[in-house]
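Chemist: Given next are the chains, with one letter for each unit.
Protein chains: 4
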Amino acid sequence: MNEKTQDKVTSRLEAFSDGVLAIIITVMVLELKAPHGTDWVAIKPVISELISYIMSFLFVGVYWGNHHHLLHLVKKLPASIMLANLHLLFWLSLVPFATGWMGENNFAPFTVATYAVLLNVCGIAYMVLQKTIESAHKDDDELKQLMKKQTSKEIFSLASYASAIPLAYLNSYISVAIFFGVAIMWLVPDKELLGKDNWSE
Amino acid sequence: MNEKTQDKVTSRLEAFSDGVLAIIITVMVLELKAPHGTDWVAIKPVISELISYIMSFLFVGVYWGNHHHLLHLVKKLPASIMLANLHLLFWLSLVPFATGWMGENNFAPFTVATYAVLLNVCGIAYMVLQKTIESAHKDDDELKQLMKKQTSKEIFSLASYASAIPLAYLNSYISVAIFFGVAIMWLVPDKELLGKDNWSE
Amino acid sequence: MNEKTQDKVTSRLEAFSDGVLAIIITVMVLELKAPHGTDWVAIKPVISELISYIMSFLFVGVYWGNHHHLLHLVKKLPASIMLANLHLLFWLSLVPFATGWMGENNFAPFTVATYAVLLNVCGIAYMVLQKTIESAHKDDDELKQLMKKQTSKEIFSLASYASAIPLAYLNSYISVAIFFGVAIMWLVPDKELLGKDNWSE
Amino acid sequence: MNEKTQDKVTSRLEAFSDGVLAIIITVMVLELKAPHGTDWVAIKPVISELISYIMSFLFVGVYWGNHHHLLHLVKKLPASIMLANLHLLFWLSLVPFATGWMGENNFAPFTVATYAVLLNVCGIAYMVLQKTIESAHKDDDELKQLMKKQTSKEIFSLASYASAIPLAYLNSYISVAIFFGVAIMWLVPDKELLGKDNWSE
Chain A
1 MNEKTQDKVT SRLEAFSDGV LAIIITVMVL ELKAPHGTDW VAIKPVISEL
51 ISYIMSFLFV GVYWGNHHHL LHLVKKLPAS IMLANLHLLF WLSLVPFATG
101 WMGENNFAPF TVATYAVLLN VCGIAYMVLQ KTIESAHKDD DELKQLMKKQ
151 TSKEIFSLAS YASAIPLAYL NSYISVAIFF GVAIMWLVPD KELLGKDNWS
201 E
Chain B
1 MNEKTQDKVT SRLEAFSDGV LAIIITVMVL ELKAPHGTDW VAIKPVISEL
51 ISYIMSFLFV GVYWGNHHHL LHLVKKLPAS IMLANLHLLF WLSLVPFATG
101 WMGENNFAPF TVATYAVLLN VCGIAYMVLQ KTIESAHKDD DELKQLMKKQ
151 TSKEIFSLAS YASAIPLAYL NSYISVAIFF GVAIMWLVPD KELLGKDNWS
201 E
Chain C
1 MNEKTQDKVT SRLEAFSDGV LAIIITVMVL ELKAPHGTDW VAIKPVISEL
51 ISYIMSFLFV GVYWGNHHHL LHLVKKLPAS IMLANLHLLF WLSLVPFATG
101 WMGENNFAPF TVATYAVLLN VCGIAYMVLQ KTIESAHKDD DELKQLMKKQ
151 TSKEIFSLAS YASAIPLAYL NSYISVAIFF GVAIMWLVPD KELLGKDNWS
201 E
Chain D
1 MNEKTQDKVT SRLEAFSDGV LAIIITVMVL ELKAPHGTDW VAIKPVISEL
51 ISYIMSFLFV GVYWGNHHHL LHLVKKLPAS IMLANLHLLF WLSLVPFATG
101 WMGENNFAPF TVATYAVLLN VCGIAYMVLQ KTIESAHKDD DELKQLMKKQ
151 TSKEIFSLAS YASAIPLAYL NSYISVAIFF GVAIMWLVPD KELLGKDNWS
201 E
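Chains as they are written, first to last, in our numbering: chain A, 1 to 201; chain B, 1 to 201; chain C, 1 to 201; chain D, 1 to 201.
A hint or two may mislead.
Straight-line C-alpha distance at most 20 Å; calculated SDA-like pairs for lysine to any residue [said to hold, decoys possible]: (1) B:Lys131 x B:Ala108; (2) D:Lys131 x D:Lys144; (3) A:Lys148 x A:Met185; (4) C:Lys33 x B:Ala113; (5) B:Lys44 x B:Tyr173; (6) A:Lys33 x D:Trp91; (7) B:Lys75 x C:Glu104; (8) D:Lys76 x A:His69; (9) A:Lys33 x D:Leu30; (10) C:Lys131 x C:Gln150; (11) A:Lys149 x D:Lys144; (12) B:Lys153 x A:Lys44; (13) B:Lys75 x C:His69; (14) A:Lys44 x D:Ile155; (15) C:Lys75 x C:Glu142; (16) D:Lys138 x D:Lys148; (17) C:Lys149 x C:Thr132; (18) B:Lys76 x C:Pro78; (19) D:Lys75 x D:Gly65; (20) D:Lys153 x C:Thr132; (21) A:Lys144 x A:His72; (22) A:Lys75 x D:Ser11; (23) C:Lys33 x B:Thr114; (24) D:Lys33 x C:Glu104; (25) A:Lys33 x D:Val29; (26) B:Lys131 x C:Ala108; (27) C:Lys138 x C:Lys148; (28) A:Lys148 x A:Ser163; (29) B:Lys149 x A:Pro78; (30) D:Lys44 x C:Phe110; (31) A:Lys76 x B:Lys44; (32) D:Lys149 x C:Pro78; (33) C:Lys75 x B:Ser11; (34) A:Lys33 x A:Glu104; (35) C:Lys33 x B:Ala108; (36) D:Lys44 x C:Ala108; (37) A:Lys76 x B:Asn66; (38) B:Lys33 x A:Glu104; (39) A:Lys149 x A:Ser160; (40) A:Lys131 x A:Ser152.
If you're looking for bench data, these hints aren't it; they were derived computationally from the structure.
Next up, chain A with everything else stripped away, as it sits in the complex (with noise of 0.2 Å):
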């Protein structure tokens, strides 16, 4: 197979990847249902369906940072990769269903372990796409090394999550506060810490 062709098939994948994602971050303001008032109290209960809506655009975008840097280093696309990152697809989609139950719920405990949950298990697909891309590019030291890099910052936001379970119970802010705290980190650039953006090429 020539380089031309090889060129489509990453590039095919990636356009139904930012489909799906492009979708998912802008479904989930379909969610926030115009209030029937027009002044500030109509506007207050949407206020907490507006926070979950800030909090999983924030949760997207990063994935679609990450999964923009990570695609890039493909090379060959066996059909393991490709299923890999359809799991990934899925359990993304359902981050709008969580935002609106979590929204409409003021951030109820149990709604907020389960979006807890949910973003584990978002963080473990990726994981698991990240290791398949690597098993199938052996020889690539470049791309073991980026992943090296990440992979002390993705066990940092898994255990983050994992902690926002059991805490949506003490106080489902203290939960929310963590959900932040984990995108901002991935959203600033490590520029300052490793001397590299941590999305530039």
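Starting from the known structure of chain A, fit chains B, C and D onto it as the hints suggest.
Modeler: Chains B, C and D only, in chain A's frame:
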């Protein structure tokens, strides 16, 4: 017509199909209404909707994968292929509707049978697209071989879906098991059986 | 500006249009409310919604095909073409709304007439886009010829849609038959008549 | 990093943005509930929703056009640009929500003022993206000049949107007229004024 122009034609057909498939797969999540309570009792009625969602996600995911590989082989694009592709997308676009109906009614026999009919029609539309592509590429041996290998799997799928129609009235969970079985058959690579990935290049 | 840059411009216009068209065509399925019963009686009121869906799917599908071939010929991209394209997308974006209204009201004359008006406006917007492209490519003979061939078909379509407006008050099914007739006229290749596919290169 | 890789990076950022913008622009049509009657009386309450839809369609359409030309100039893609782009998309994603609220409440002053605030925030987010791109391309003179030309138009837009906030309480239709005025200012090419298309290359 030169090579460059032809490339562009195929890529836009793929982009449009990817868009439609990405929307079909994601839009189904909108059918999952966030439960109004916040405990396991509230989430229970959602379970059957969730199962139908997973099933249809797998189904459309398999179609995306196969469609991806099929179009990969297309070298010319007469109107007939564009029509056959639109025809396939039409039937696939009804999947969210059938999924929502089945999930909402806890796998009532009639809804499961309807779903099985739709899967059958989608399968036939896919075979029509395949034949159309084949007849437009009469001297492409690589394409012919790949098609032959897939056809037996497709006929087995169609037979399974057909058997799921009457079986739904016996016990609809038998049909659901068949749907999952067929999806898994497509997702698991044939590596062990045929010495080759079904989705790899 | 070099060739490479120009390529990119056209491809993003196509990508955006494809995105909008893919969403328009798929979003209509959301209007099909899953019936709450589980037998033929429950599915009956869905029939007229299903028919409108099929009609609009064909209509938007034809537009996608024609738009595809039209943009294919674009070699420069002044603001005027981008505007004319946005203008066309605007009217097409109202198709799901008109479709839902007509389906929900069992083809009541007023809704069918409104639908016919919208199809007319879409057709005019398409011709405006065509003229805009033509006037930006004054010395492109290939483009001029293709346009001439299509124009007679387009005028016939517009006349048919126009006749469907008053006919809807006589019997709305006559109008529905006209809509289907025009769609089929576009979908069936002209091969026999003109010795050439209308959608092939 | 070579030229080829860089190309791919930008194109995926564009594809994702196009996806999100296409969904934003189309999803608003879902807010247009098909009227349940079938005559002019039934369609009347839809009019104000339709006007808000048209307004937001124009607004997002203008953003797509400008975004298109802005990204066209991007030659490197540090994390900061990706973040600034995500930030812009976030605010734009709230447009369907604000549109629905305003349309449903017949341009009640509070909803129109909220809409004006959102347009302002989107405008600021766009300028932030512009500055971010500018500071990443310090020695690109072509980019600097194009930015300078646009900046005056942008500041005029922001001032107009800002004035629309208090004016909504005087008469909300003045604000609506301002929104349309600004959109039209962006859509009409500057050819006559500046001797150059604002959207052409």
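Chemist: Checked against the structure, which of the hints given earlier come out wrong?
Modeler: Numbers 1, 7, 11, 12, 14, 18, 20, 26, 28 and 31 - these are the hints that the structure violates, sorted from lowest upward.
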